[in-house]
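Chains A and B, in that order, are what the protein sequence lines are.
So for the first sequence, the working numbering puts the first residue at 1; every next one is plus one.
So for the second sequence, the working numbering puts the first residue at 1001; every next one is plus one.
Any given hint could turn out to be false.
Simulated DEER-style distance windows between Cβ atoms [stated by the list, open to error]:
{"id": "1", "chain 1": "B", "residue 1": "Ala1072", "chain 2": "A", "residue 2": "Ala225", "range": "34 to 40 angstroms"}
{"id": "2", "chain 1": "A", "residue 1": "Ala73", "chain 2": "B", "residue 2": "Thr1055", "range": "31 to 37 angstroms"}
{"id": "3", "chain 1": "A", "residue 1": "Ala355", "chain 2": "B", "residue 2": "Ala1072", "range": "38 to 44 angstroms"}
{"id": "4", "chain 1": "A", "residue 1": "Ala161", "chain 2": "B", "residue 2": "Thr1055", "range": "45 to 51 angstroms"}
Here are some chain A residues the structure puts well away from chain B; computed CB gaps all over 12 angstroms [to be verified]:
{"id": "5", "residue": "Leu74"}
{"id": "6", "residue": "Leu100"}
{"id": "7", "residue": "Leu102"}
{"id": "8", "residue": "Glu106"}
{"id": "9", "residue": "Arg117"}
{"id": "10", "residue": "Asp125"}
{"id": "11", "residue": "Pro141"}
{"id": "12", "residue": "Ala161"}
{"id": "13", "residue": "Pro186"}
{"id": "14", "residue": "Gly199"}
{"id": "15", "residue": "Gln212"}
{"id": "16", "residue": "Glu291"}
{"id": "17", "residue": "Ile353"}
Hints in this document: simulated from the structure, not taken from any laboratory.
We treat Cβ as the ideally placed atom computed from N, Cα and C, and that holds for glycine.
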Amino acid sequence: MLDVGRLMLCVSLKNSKVVEARSRSTRPQAASVLQGKTPAQVMQIVPLLFSVCGKAQGAAAQVALHAAEGDRALPDERAIASEAMQEHLWRLMLDWPKLLGLPSQERQFTVWHGLLRKIGNGEADREEFLREFEQLALGMPSAQWRVLDGERMQSWWRNAASPLAAMLLQLEEDSRGGAAIPRLLPAWSAVQAQQACTGRWDAAFAASPDWQGAAAETGAWTYYADAVMLRETAQRHGTALARVLARLLDMMSLADGSAAARLDGAAVSAGEGIAAARTARGLLLHHVRLEGGKVAEYQIVAPTEWNFHPAGAFVQDMRGVTVQDEAGLKRLARIAALSLDPCVAYDVEVRTIHA
Amino acid sequence: MCLGIPVQVLEVHETYAICAGRNGRENINTMLVAEVMVGQWLLVALGVAREVITTEQAGQINSALDGLQALAEGGAINMDQYFVDLVGREPQLPDFLSKDHR
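Chain A on its own, in the form it takes in the complex (with noise of 0.2 angstroms):
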């Protein structure tokens, strides 16, 4: 039976205090696949093999192909953005709802992802979704909405009349207070992404990748990092809260057209290649060195393996946290956890070390 890998978290708690936090993965380094592949190989298998975010990986794939090439050409980036709107409605709408004991809102859920397909196609406008989510979630303007700042913001989740404000709202309750702003890893041009990568693109930075020597958070975050409402919700109410805020305002910024370019490009050599893309759950980057056609070198380090590095922002979250039992260990865990949004199953577990 193949392991697609899995997430295993693990807390602990001792007189009341979490005194150890760990993140273990067993994913495998599937990019090994795409050895000895030609580039057309690669793009044909790699959106299918790596279906949870295929169309970021199959533009990441294509730019960083291209740009080996010698070819600077960035694709149409509909479908990625599209996709990135599913993957934020994925979480606002079902995960955590459920997770937070919330209704489910799976038949609006179902309507939107539909929509976004068919926009990430061709075949209906984004301006379509934007209308429907302005009057059914913000009850006001998408543009008026993103330039709130954090006590603006938090009125507007206590008084708004949608599941989605609800659902803020009960993350307000479960907030542990505010938390220092993590250290945020720089949404990367491909340019830069080199700069800071260089030497060091093998299968150990991939499997936990580090900026400077030192653990850094991706996500939506990380695209806003100047967003006053996010600073402002996370010194008030902590991480957790301004993470969901921020892919919220990644997804509003993507329906009403105001978001940044999501996928970059660059040659770092003769047949050597990079691409960075913005993807919902942080920057994905593909690197690829060809040899006679083929690929001789392919590394993608993904968002996952950032935020769940052992010593990442999951395990800086929950460091020194109080917490009255396991049960709320539990749910705080569980809320860190999805708040950092792993592309692969995971596993909390908690346990109490006796004095």
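Given the coordinates of chain A, work out where chain B should sit on it, guided by the hints.
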């Protein structure tokens, strides 16, 4: 980069389908794909069907996954025997789907 697994539809229900794939029989959530039919191949991640795929695509993915599985189990192997150069190859059906068992 969660991996997608191809499965074939055995039985269609309102919001899910009973499917068979390389990891056995499982119930797959089908709310995101329109009109699921018996015999169709679905690409599944985390228990949810992402899209309907062709038999050829299912074969390509399974072949790449075979390569990955062999790597995980045995270390160095010749990856050329796995992968895409098999358009037209029918994916192997699980026993209970082959003619004799239908």
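Least C-beta distance from Pro186(A) to chain B larger than 12 angstroms | Per Cβ check, Pro186(A) is outside 12 angstroms of chain B; nearest 21 angstroms; holds.
Given the range 45 to 51 angstroms, decide if the beta-carbon distance of Ala161(A) to Thr1055(B) lies inside it.
-> 48 angstroms, holds
Nearest-CB test (12 angstroms) between chain B and Glu291(A) | Its Cβ never comes within 12 angstroms of chain B, the nearest being 15 angstroms, so this holds.
Verify that the Cβ of Arg117(A) lies farther than 12 angstroms from every Cβ atom of chain B, and report whether the claim holds or is violated.
-> 8 angstroms, violated
Non-interface claim for Leu100(A), where every Cβ of chain B lies beyond 12 angstroms | 19 angstroms, holds
Please settle this one: Leu102(A) was flagged as non-interface, so is its CB more than 12 angstroms from every CB on chain B?
-> The claim holds: Leu102(A) sits with its nearest Cβ about 19 angstroms from chain B, beyond 12 angstroms.
Is the nearest CB of chain B more than 12 angstroms from the CB of Glu106(A)?
-> Label violated. Min Cβ-Cβ 7 angstroms, cutoff 12 angstroms.
Non-interface claim for Ala161(A) versus chain B (Cβ beyond 12 angstroms) = Label holds. Min Cβ-Cβ 26 angstroms, cutoff 12 angstroms.
Outcome for the supplied range 34 to 40 angstroms, where the beta carbon pair is Ala1072(B) and Ala225(A) = At 37 angstroms between Cβs, range holds.
Confirm or reject the statement that Asp125(A) sits farther than 12 angstroms, beta carbon to beta carbon, from all of chain B.
-> 20 angstroms, holds
Given as non-interface: Gln212(A), which should sit over 12 angstroms from chain B by C-beta | Its Cβ never comes within 12 angstroms of chain B, the nearest being 24 angstroms, so this holds.
Grab the minimum beta-carbon distance between Pro141(A) and chain B and tell me whether it stays above 12 angstroms.
-> 29 angstroms, holds
Of the numbered hints given earlier, the model fails hints 8 and 9; all others are met.
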